[in-house]
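Residue numbers (numbering that gives the first Met the number 0), protein chains in the order written: chain H, 0 to 197; chain W, 0 to 93.
Hints are computed from structural coordinates only; laboratory data are not their basis. Every value quoted in this text rests on a predicted model; they were computed, and no experiment measured them. For each residue, glycine too, the CB sits at the ideal point set by N, CA and C.
Which residues of chain W face chain H? A few of them, derived with a C-beta cut under 10 Å, are: (1) Thr69; (2) Trp79; (3) Trp81; (4) Val82; (5) Pro87.
DEER-style ranges, computed between Cβ atoms: (6) Lys121/H to Arg90/W: 21 to 27 Å; (7) Val97/H to Glu60/W: 53 to 59 Å; (8) Gln21/W to Gln170/H: 32 to 38 Å; (9) Lys42/W to Arg147/H: 53 to 59 Å; (10) Glu29/W to Tyr76/H: 25 to 31 Å.
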Amino acid sequence: MWIYDKKLQYPVKIKTPNANYAKIIISQLGGPDGELAASQRYLHQRYSMPYDKVKGILTDVGTEELAHLEMIAAILYQLTKGLSPEEMKRAGMDIYFVDHTAGLYPIAASGVPFDMKYVGVKGDVIADLNEDLAAEQKARVTYDNILRMVDDPDVRDPIKYLRQRELVHYQRFGDALRIAQDNLDSKNFYAYNPSFDK
Amino acid sequence: MNTSMNNNMANGGAGSLLRRIQAEDFALYEVALYLDAYPTNKKALAFYEEHRARLAELKEEYRQKYGPLTIYDNVGSNEWQWVKGPWPWEREAN
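Next comes chain H alone, as it looks inside the complex (with noise of 0.2 Å):
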């Protein structure tokens, strides 16, 4: 089970709304790439992992990304509280306004909803932990585009700070897919699913 600690993971302090940095970091909350995505991922692959060490990483990686969801949500929280509709117009917010309001719902910065098909569960040991890799460089990779459009250092304080938490995350699944391989079949070692082909 989870135990909610009240507090960030990091520090999350905006001086200034803005609603131009919200519609695109949003894309980190509901996006193909985001961090409820990421959560996911993790806690719904680590079921079917059959070793003891790679549960655990699933399970630590997994938990401190629903830490970082709760960043994001901070952030846009921050970056669009007091803003009147009219501002949130000239950013191209109004149609988000209309259907939430200010609250946060999880979409993509192109306005898809959070869909669970961005979550790989293969069942699979390689396949599984090759989909963390990449999805750990797929998120570095939106951090940095989210860096390049925004000044504010207020903003680009945590973000930096969550850019890094994946490159940590990819070593740590690194090391995972190695525990995972020390474990199979050297003369089948790609084709081997463990839960099944004995």
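Given the coordinates of chain H, assemble chain W onto it according to the supplied hints.
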């Protein structure tokens, strides 16, 4: 319930201690939900205090005897016991 209690007896001490932790945890969570809406209710606050202390004792006993329940309470500096199975979703853990 009977079946799961029997399995849990078969597991020995870890299983029965875990059952007591789950019961205390549930009692505490239930009163916490109530307190969210009635934060000054004296009776609920007293219930919370009593069960909070009992849960803390049981969790410490579990931690010392069987290992960590969260990543923040690994026991000893020789090994990261956190990754030792069974994990909670496995039958042997219940």
